[in-house]
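*Asks:* Here is how the chains run, residue by residue.
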Amino acid sequence: MLKDHAKIIHAIALSGEVIGRKKLQKMIYIAKKMNFPFQERFQFHFYGPYSEELTLRVEELCNMGFLNEVKEKKGGYYQYRYTLTEDGKEFLGVNNVDMPQLGDCLKDINTQNARFLELVSTILYFDNLPTDEVKEKVQTVKKSQKFTDDEFANAYQYIEMLKNRTSQC
Amino acid sequence: MDYSAEKLNEEKVFKDPVHRYIHVQDQVIWDLVGTKEFQRLRRIKQLGTTFLTFHGAEHSRFNHSLGVYEIVRRIVDTVFVGRPEWNQEDRLLSLCAALLHDLGHGPYSHSFEKVFELDHEYFTKAIILGKTEVNQVLSRISPDFPKKVAEVIDKTYENKLVVSLISSQIDADRMDYLQRDAYYTGVSYGHFDMERILRVMRPREDQVVFKHSGMHAVEDYIMSRYQMYWQVYFHPVTRSAEVILTKILHRAKHLHEQGHAFKHMPLHFYSFFKEDVKLEDYLKLDEGIVLYYFQMWQEEDDEVLRDLCSRFINRNLFKYVEFDPAKEYKKLARLSQLFEEAGIDPEYYLVVDSSSDLPYDFYRPGEEEERLPIHLLMKSGELRELSRESDIVDSISGKRRTDHKLYYPADLIGKNEEIRKLLE
Numbered sequence: 001m002l003k004d005h006a007k008i009i010h011a012i013a014l015s016g017e018v019i020g021r022k023k024l025q026k027m028i029y030i031a032k033k034m035n036f037p038f039q040e041r042f043q044f045h046f047y048g049p050y051s052e053e054l055t056l057r058v059e060e061l062c063n064m065g066f067l068n069e070v071k072e073k074k075g076g077y078y079q080y081r082y083t084l085t086e087d088g089k090e091f092l093g094v095n096n097v098d099m100p101q102l103g104d105c106l107k108d109i110n111t112q113n114a115r116f117l118e119l120v121s122t123i124l125y126f127d128n129l130p131t132d133e134v135k136e137k138v139q140t141v142k143k144s145q146k147f148t149d150d151e152f153a154n155a156y157q158y159i160e161m162l163k164n165r166t167s168q169c
Numbered sequence: 001m002d003y004s005a006e007k008l009n010e011e012k013v014f015k016d017p018v019h020r021y022i023h024v025q026d027q028v029i030w031d032l033v034g035t036k037e038f039q040r041l042r043r044i045k046q047l048g049t050t051f052l053t054f055h056g057a058e059h060s061r062f063n064h065s066l067g068v069y070e071i072v073r074r075i076v077d078t079v080f081v082g083r084p085e086w087n088q089e090d091r092l093l094s095l096c097a098a099l100l101h102d103l104g105h106g107p108y109s110h111s112f113e114k115v116f117e118l119d120h121e122y123f124t125k126a127i128i129l130g131k132t133e134v135n136q137v138l139s140r141i142s143p144d145f146p147k148k149v150a151e152v153i154d155k156t157y158e159n160k161l162v163v164s165l166i167s168s169q170i171d172a173d174r175m176d177y178l179q180r181d182a183y184y185t186g187v188s189y190g191h192f193d194m195e196r197i198l199r200v201m202r203p204r205e206d207q208v209v210f211k212h213s214g215m216h217a218v219e220d221y222i223m224s225r226y227q228m229y230w231q232v233y234f235h236p237v238t239r240s241a242e243v244i245l246t247k248i249l250h251r252a253k254h255l256h257e258q259g260h261a262f263k264h265m266p267l268h269f270y271s272f273f274k275e276d277v278k279l280e281d282y283l284k285l286d287e288g289i290v291l292y293y294f295q296m297w298q299e300e301d302d303e304v305l306r307d308l309c310s311r312f313i314n315r316n317l318f319k320y321v322e323f324d325p326a327k328e329y330k331k332l333a334r335l336s337q338l339f340e341e342a343g344i345d346p347e348y349y350l351v352v353d354s355s356s357d358l359p360y361d362f363y364r365p366g367e368e369e370e371r372l373p374i375h376l377l378m379k380s381g382e383l384r385e386l387s388r389e390s391d392i393v394d395s396i397s398g399k400r401r402t403d404h405k406l407y408y409p410a411d412l413i414g415k416n417e418e419i420r421k422l423l424e
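Protein chains in written order, with the UniProt record's numbering: chain A, 1 to 169; chain B, 1 to 424.
Errors might be hidden in some of the hints.
What the hints assert, rightly or not - Calculated lysine-lysine pairs in the DSS-like style (CA-CA distance at most 25 Å, straight line): (1) LYS137(A) with LYS32(A); (2) LYS146(A) with LYS160(B); (3) LYS253(B) with LYS3(A); (4) LYS32(A) with LYS131(B); (5) LYS143(A) with LYS155(B); (6) LYS147(B) with LYS137(A); (7) LYS89(A) with LYS3(A); (8) LYS274(B) with LYS131(B); (9) LYS89(A) with LYS147(B); (10) LYS143(A) with LYS405(B).
If you're looking for bench data, these hints aren't it; they were derived computationally from the structure.
Take these sequences, add in the hints, and give me the full structure.
*Replies:* Pasting the structure below:
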């Protein structure tokens, strides 16, 4: 019961602090694609894979007082920071979540910038396509981002690294 | 004659309680409606278990799909015609995507998807791209046309304007289901001036925007959406039925995994239990089939499955209390223990249901670019996000509302004082 809520709290606890809603979305999506059992369903939206369920769940966790959300003005837009509260820690103590290797995976993803994570998550979204079509598809749906060949190469290398790391668990 | 340009000798119309008439002139649309995959949608209710709360809510995904098609038809055949941002060559693609956008929905799909880890969007794509009658019709337009239709529905098509017609925060899908669900449930919410909204729609390179002069009609739509969520979609009794349905599926799956000898073998479910569902298995399952099994499983030896099915068929639903997970999660652990001591399996009979478990959403102003918001087109040509101009929308989109309920079978608890006290 409330297992799916506990998994999100666990993910944020392991990450320390997550800066940005978009980043949080990408982190959970990438982790899910690495076969960590998150239940939230993602669809492709204007800005890449996005889960309304995850947005709502995070709202619920903030309302419950398990997550702390700080809204701060950043130039022309608002940015949100998420950390675990003491109540959240206590809840997690009662509702144990067992996802070995998730910490390593999320800590690493959390250090990457939003643009890179957008590319990685979009590549993963199209992983059902033949490899040679993926790049073309990403370049079509993310035309304005103008991702370079180097960025693609780095993204593929990063995905491989994550896969290797999670397959060892 | 080019199939994409082929028109029916005479326009066909479907009588419809929401849009009055649904007009079909294109041969391809008529042929798609006649396919067995599209006809299957007649056997899947739009609102799943809501009919157990609002008895009128028996309308199907077939009705809704035609409704979405009709709204898009009105947009592309009237509102957008002659506007430089709109390419008339995208007309048929938009109509086909609108008509087929829900093609992959299965019976009670929200519960099925949760329990068996399915995704109706995956099956929509599979039907459009697979060996199906729908694929045969679409392929007659051009070999790559099915792929384009699937991409529009998947929101990955390159032309975002086409995508936004059926998939954005104010799209034909939502405009149809709000009005249709209001009509069939009989509630007085859900109504808004769609004609006005259509008149103020303007195509832009990658989205549909709305003239500022039509802001109040858009506000009305947002209010309808908000009220329908709380009054219909999040209705606690419907959620109770959904909880029981989900638990039936979990139980049946569990029994299958335990090697239980079903009196009525769940032939249609085997591939679902194995989580290896082929398209042909998926298409065979409709609500009639599911209800047949639920009816028959009332005679199973397994007490839990028997009881849950009987509850669903006879509408003997779980009761509920408001639940605050932050303050009451320890109480929940205690209740769970007491249920076990009383011989009531809490895994099936004590369930927290949260608003995040439901497949509906509110308007979001798109902070941090999570989702593209609704944009108003100002006289100056500038685009402004709706909630920055509308106090009404600002007041309901900025405010968080989440909701949790604890469901339990009041009749099984009987006179267990400690449980009753905790649930009061």
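*Asks:* Hint by hint, note whether the structure agrees.
*Replies:* Here's how the hints hold up against the structure:
no. : hint                     : result
1   : LYS137(A) with LYS32(A)  : holds, 21 Å
2   : LYS146(A) with LYS160(B) : holds, 17 Å
3   : LYS253(B) with LYS3(A)   : holds, 20 Å
4   : LYS32(A) with LYS131(B)  : violated, 30 Å
5   : LYS143(A) with LYS155(B) : holds, 14 Å
6   : LYS147(B) with LYS137(A) : holds, 13 Å
7   : LYS89(A) with LYS3(A)    : holds, 15 Å
8   : LYS274(B) with LYS131(B) : holds, 23 Å
9   : LYS89(A) with LYS147(B)  : violated, 47 Å
10  : LYS143(A) with LYS405(B) : violated, 44 Å
Checked against the numbered hints given earlier, this structure breaks hints 4, 9 and 10; the rest are met.
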